[in-house]
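Chemist: Each chain, written out:
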Amino acid sequence: MAAAPEPGTSAVLIVDDHELVATSLVLSLRSQGLAAHHGDPRAGAAGVLAASAEHPPGLALLDLDLGRDDAGRPVDGVPLVAPLRAAGWQVLILSGSADHARIGAGLAEGAVAWLPKNAPFPALLTAVHDALAGRPVMPRARREQFIELHRRRSGEHKELRGRLERLTPREREVLALLANGQRAQVVAEHFVVSLATVRTQIRAVLTKLEVGSQLEAAALYRKAVRR
Amino acid sequence: VTALAFALRGARWPYRLAVDVLVVAALCVVTAVLLGSAAVRAALPVGPTHQLLTLAAAAVGAGAAILAVVASRLLGEPRASWVAAALVLYCTVVLPSTTVAPSELDPGQRAARLVAYLTALVLLAVALRPPAALGAWGGWAVMAVGGGLAVGVLALPDPAALSWLVEGPVATVAVLLGWTGAAVGFAAEGLRRQSTARLRLGLGLIVLAAAQLYRVAAAEPATTNDLPFAALRLEGLAIVLVALAQLVRTGLHQLRADQWYQQEELAAAALHMERAGELAAERDHELRNGLAGLAGITHLLGSDSGDPEHARIRRAVLAELGRLHAILDGADAHRDAQDYLVEPVLTGLVSLRRRSAAPVALHVEPGTSACGDSAVLAQVVTNLLANCDRHAPGAGITVTARRRGGEVVVEVRDTGPGLPPGREDAVLERGVRDESAGGTGLGLHISRQLVAREGGDLRLRTVEAPRGCLATITIPAAADPDPRGGRSAERVGGA
Numbered sequence: 037m038a039a040a041p042e043p044g045t046s047a048v049l050i051v052d053d054h055e056l057v058a059t060s061l062v063l064s065l066r067s068q069g070l071a072a073h074h075g076d077p078r079a080g081a082a083g084v085l086a087a088s089a090e091h092p093p094g095l096a097l098l099d100l101d102l103g104r105d106d107a108g109r110p111v112d113g114v115p116l117v118a119p120l121r122a123a124g125w126q127v128l129i130l131s132g133s134a135d136h137a138r139i140g141a142g143l144a145e146g147a148v149a150w151l152p153k154n155a156p157f158p159a160l161l162t163a164v165h166d167a168l169a170g171r172p173v174m175p176r177a178r179r180e181q182f183i184e185l186h187r188r189r190s191g192e193h194k195e196l197r198g199r200l201e202r203l204t205p206r207e208r209e210v211l212a213l214l215a216n217g218q219r220a221q222v223v224a225e226h227f228v229v230s231l232a233t234v235r236t237q238i239r240a241v242l243t244k245l246e247v248g249s250q251l252e253a254a255a256l257y258r259k260a261v262r263r
Numbered sequence: 007v008t009a010l011a012f013a014l015r016g017a018r019w020p021y022r023l024a025v026d027v028l029v030v031a032a033l034c035v036v037t038a039v040l041l042g043s044a045a046v047r048a049a050l051p052v053g054p055t056h057q058l059l060t061l062a063a064a065a066v067g068a069g070a071a072i073l074a075v076v077a078s079r080l081l082g083e084p085r086a087s088w089v090a091a092a093l094v095l096y097c098t099v100v101l102p103s104t105t106v107a108p109s110e111l112d113p114g115q116r117a118a119r120l121v122a123y124l125t126a127l128v129l130l131a132v133a134l135r136p137p138a139a140l141g142a143w144g145g146w147a148v149m150a151v152g153g154g155l156a157v158g159v160l161a162l163p164d165p166a167a168l169s170w171l172v173e174g175p176v177a178t179v180a181v182l183l184g185w186t187g188a189a190v191g192f193a194a195e196g197l198r199r200q201s202t203a204r205l206r207l208g209l210g211l212i213v214l215a216a217a218q219l220y221r222v223a224a225a226e227p228a229t230t231n232d233l234p235f236a237a238l239r240l241e242g243l244a245i246v247l248v249a250l251a252q253l254v255r256t257g258l259h260q261l262r263a264d265q266w267y268q269q270e271e272l273a274a275a276a277l278h279m280e281r282a283g284e285l286a287a288e289r290d291h292e293l294r295n296g297l298a299g300l301a302g303i304t305h306l307l308g309s310d311s312g313d314p315e316h317a318r319i320r321r322a323v324l325a326e327l328g329r330l331h332a333i334l335d336g337a338d339a340h341r342d343a344q345d346y347l348v349e350p351v352l353t354g355l356v357s358l359r360r361r362s363a364a365p366v367a368l369h370v371e372p373g374t375s376a377c378g379d380s381a382v383l384a385q386v387v388t389n390l391l392a393n394c395d396r397h398a399p400g401a402g403i404t405v406t407a408r409r410r411g412g413e414v415v416v417e418v419r420d421t422g423p424g425l426p427p428g429r430e431d432a433v434l435e436r437g438v439r440d441e442s443a444g445g446t447g448l449g450l451h452i453s454r455q456l457v458a459r460e461g462g463d464l465r466l467r468t469v470e471a472p473r474g475c476l477a478t479i480t481i482p483a484a485a486d487p488d489p490r491g492g493r494s495a496e497r498v499g500g501a
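As they're listed, the protein sequences go chains A and B. Using the working numbering, the first residue of the first sequence is number 37, and each one after it goes up by one. Using the working numbering, the first residue of the second sequence is number 7, and each one after it goes up by one.
Bound-form chain B, shown alone:
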């Protein structure tokens, strides 16, 4: 379908091109012949008609300038903005001056008009390939300079010195050639890009050049009565207006298409998010089910064995399951700070691990109690122990806890290889990990955040004799050195 559409478009383009050129040419010829004929001139009041046509041309030109600015903004094309500047100069300086016969203008005024005309010409020529460095505002700057020059010429003390410039055919021929060249350039650009709007812009400018040519060729002494010239000029500007309107329409279409596209992108993104959310919810549900089931079974298993070691392990498993549940519920946000004994928390974690390969020695200063959430301490120490297992498998681990001033210091020390030199702080960043040892790199980062939220700190460093990694957790100590109970470590769930 696309290929067919392209072929159709390709076939239609020369046809449309031919129609455009023929219609414009016919219009020009008819206008020139009709208004040039003695019969029509006799029937029309020549003076007022001429003024009417000039006024209309100025209005159409102003409208075209506005459209050019809009098109420039819409399409992001600096070119249209340069054309707008040229049109403004043409309509405000060049066009009004033609309502006065040249013979009534002094050389200074004529020179000023010529400067404005030439500036408009330069603007048009540059518009073909606007320098990127000047952007869309360059045209207006050039216009301002040209306008200033024109005013400057008017204010010259001896304008007669300029008569060599305005007398004779040189200036006229230069303007005519320049204008025609620029116009043909625009038409060629339209042809190259197969753009009707740009082609019409070129055609309109060519008609303006033709009007000028007609005027020079006719060489009538009474310029104010040159009806075909005024009519042709109006036609040229009208074609330019149509072309620019078309460009604006193209820009609007593009804008709307972009909007559609962005809406679709947004909708697709929203759908992805929604589906990801559903998936996460489903996974949460499964995890919750699993945890609830494990908690139930743990409760059943060994509830009547009477072995204190068993009972402690059971409690530790339940506490761990409760902690995982709390994570799922996002309950780690904030709880009321509570005083708790450090010893039962660490004992639970260590006895959970005693069955695995690495031996853990635990030394807790009696009565050490901290203030905050015991689940956070449990999670962070769990993360650190898991870290020791990953980076120093089989190495001995010592966990100590003591009170130091207003803080409780918990140290987890292994006898492994230690931290990579110079990376002591980096290992706490999100996503930093040892490729060879696995892990997602989030454990230490999250641990540090958790401790920080409790008002504490987590630091890692390499120590010697024997070499190993030392993780130091500091958390606020309890105000009362001996709280009533330390049972929070056995909390089961967040219900």
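In isolation and in its complexed conformation, chain A is listed as follows:
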């Protein structure tokens, strides 16, 4: 295993909502002479950034799915990458997510590499040391590939949102209800209009979105509004 850089100079911040993962990493890294800390995401993104400010910037191990904050909202790790980078942290994504485009989003924000959470534990520790020493952790081509995936997906999102822009506000509302699993009859009652009116609106939505069925329209909407 690589020798630890001078202890205390650069901190390792583990941002993970999972107590066991965070604790075992913190303990292992500390046992190897690194100043490891746990940045608990339960206080939300602001809480993580506040925790990071307490230590000299070093390496942040960031999970992308950070559970839910105290208010019950899911905490996303991707928006944390840029502020951490700005504060001088090097960011290593440590995620069990199989969503490569999402990992690509984190990499595009400036994270240096992705470590799969299911990697053998010694491999995780080695990667932390490599990152601290400035050695590459992830092949460049693979990193580019992930970022490309992310770009392609955000392009798709933009295109889908563009199509949604063509709808009138009322058509958008109707589509939102349909995408949420409501039947046309329920939508009609919700807006106090006739079923025929709603169906006319749905037909208009299908034409404007250039899709053939209500099924596709609802799926498109859900895809477009998902993060």
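Rather than coming from a laboratory, the hints here were simulated on the basis of the structure. Hints are supplied without guarantee of correctness; some may be wrong.
Okay, derived cross-link-like pairs now, SDA-like style, lysine to any residue, Cα gap no bigger than 25 angstroms in a straight line [stated by the list, open to error]: (1) A/259 x B/285; (2) A/194 x B/283; (3) A/244 x B/274; (4) A/259 x B/25; (5) A/244 x B/266; (6) A/244 x A/192; (7) A/244 x B/277; (8) A/259 x B/272; (9) A/244 x A/178; (10) A/259 x B/281; (11) A/259 x B/282; (12) A/259 x B/271.
Could you slot chain B onto chain A? The hints should help.
Modeler: Chain B in isolation, oriented as in the chain A frame:
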């Protein structure tokens, strides 16, 4: 709202009914009076007008027949198809013959016309209650038979013998009564079902009967000049056409409503699937986190104890965690077959269990090595050991492994009650389980599939002396009897 709509519909129905009947009656009276009056007859060229009206009636009738077929298909109503058959026969045989004066027809021709007319009548009457056994095609079969009969009558060598049938009023009265009866039947059916379209179909047929009645009542010698009859007939057929068009429209509406409904069902199903997928992904994420955390802690715990027993348990726990991770990743699909020593795999599993209640004895022929994925063997033996615990709690377990020809045979034997008699193969099926002992019934089924994928087999049977269950796993043996290492059992993760 629904109740109100229903009440409104109920109130509107008699009103609409009255309007329909009055309009049709007024139309008929006006037509008869107008075209019957001497002034109009003097002003119009009677012959061509009559032919024009007949032609138009034939065209309208043909259109109505087509609509009837479409309506029958759309609504799944055989009745409309029988009506279509009647209309076709009426328009192709009965209607053209009226352009010729009866006096110019020989008895054979008149008899043929009568047969066709009667067949159309039968078709209409049956259409009121079409026999289910004949379905939508029965009408066409009857029509073909009727048409054939009519042609047959024409070809009779002595048509004069039929004159008793066509002479006199009997046939005319029978046709008239039959037609009126069928028409009233249709109107009554429309009334009963409160269906405007079906009521109009009945009204149209009644107008046709009225036209016939007018013709008989007028009893003019020169039939070809009977303008009111031709006009009334056209009106009747036009009303039938309107009624059938309405039926088609109803059918289309229904079809579209069904489509909407199905789309909604599909959308709901898709949403459910999507949500289930999200839930599964969330659960996967949690499980991954848990496994990663456990792997990390296991690594930390006792890494420096120096106790070989501890080290072995630690390795076994890590291997197990790695295997669970691999399952989550769906990595069990296929890996390159690899030679591995059987002994370390089984030793790891057994030492994991030694701490629990049931004692496990392990005998492995030295150097036994298999070809495939050691994780599969580990999983299957784990499943079998768990199975022993469930069905034979506390019983002694023996695990043996040896090479037999090109195969490695691993046996897991307990001293429990054995398998239920006659169910030796059934226990390997998906979902078969012992209610009293719990379990999901998937373990053995999946185990067998896993082994089969490796090119092996899993069999269970009851053995005696001492009684118990014997599970036999056969997997391909390594080509080289002594591979370099057997360290694959210690693999940590699928990264």
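Chemist: Each hint needs a verdict: does it hold in this structure or not?
Modeler: For each hint, the structure was consulted:
1. Using a Cα cut-off of 25 angstroms, the hinted pair residue 259 of chain A and residue 285 of chain B holds, with the two alpha carbons roughly 16 angstroms apart.
2. With a C-alpha separation of about 24 angstroms, the suggested pairing of residue 194 of chain A with residue 283 of chain B holds against the 25 angstroms cut-off.
3. Restraint check for residue 244 of chain A and residue 274 of chain B: the C-alpha separation of about 22 angstroms stays at or below 25 angstroms, so the hint holds.
4. Between residue 259 of chain A and residue 25 of chain B the alpha-carbon distance is near 54 angstroms, which puts this suggested pair outside the 25 angstroms criterion.
5. Of the pairs offered as hints, the one joining residue 244 of chain A and residue 266 of chain B holds, with about 18 angstroms between alpha carbons and a cut-off of 25 angstroms not exceeded.
6. For the hint pairing residue 244 of chain A with residue 192 of chain A, the CA-to-CA distance comes to about 17 angstroms; that is within 25 angstroms, so the pair holds.
7. In summary, the hint linking residue 244 of chain A to residue 277 of chain B is supported, as the alpha carbons are separated by about 22 angstroms, within the 25 angstroms threshold.
8. Pair hint residue 259 of chain A plus residue 272 of chain B holds up; C-alpha atoms about 17 angstroms apart against a cutoff of 25 angstroms.
9. Restraint check for residue 244 of chain A and residue 178 of chain A: not satisfied, since their Cα atoms lie roughly 38 angstroms apart, outside the 25 angstroms limit.
10. Proposed proximity of residue 259 of chain A and residue 281 of chain B is supported: the alpha carbons are some 13 angstroms apart, at most 25 angstroms.
11. For a cut-off of 25 angstroms, the pair hint linking residue 259 of chain A to residue 282 of chain B stands: about 16 angstroms separates their Cα positions.
12. Between residue 259 of chain A and residue 271 of chain B the CA atoms are separated by roughly 20 angstroms; this keeps the pair inside 25 angstroms, and the hint holds.
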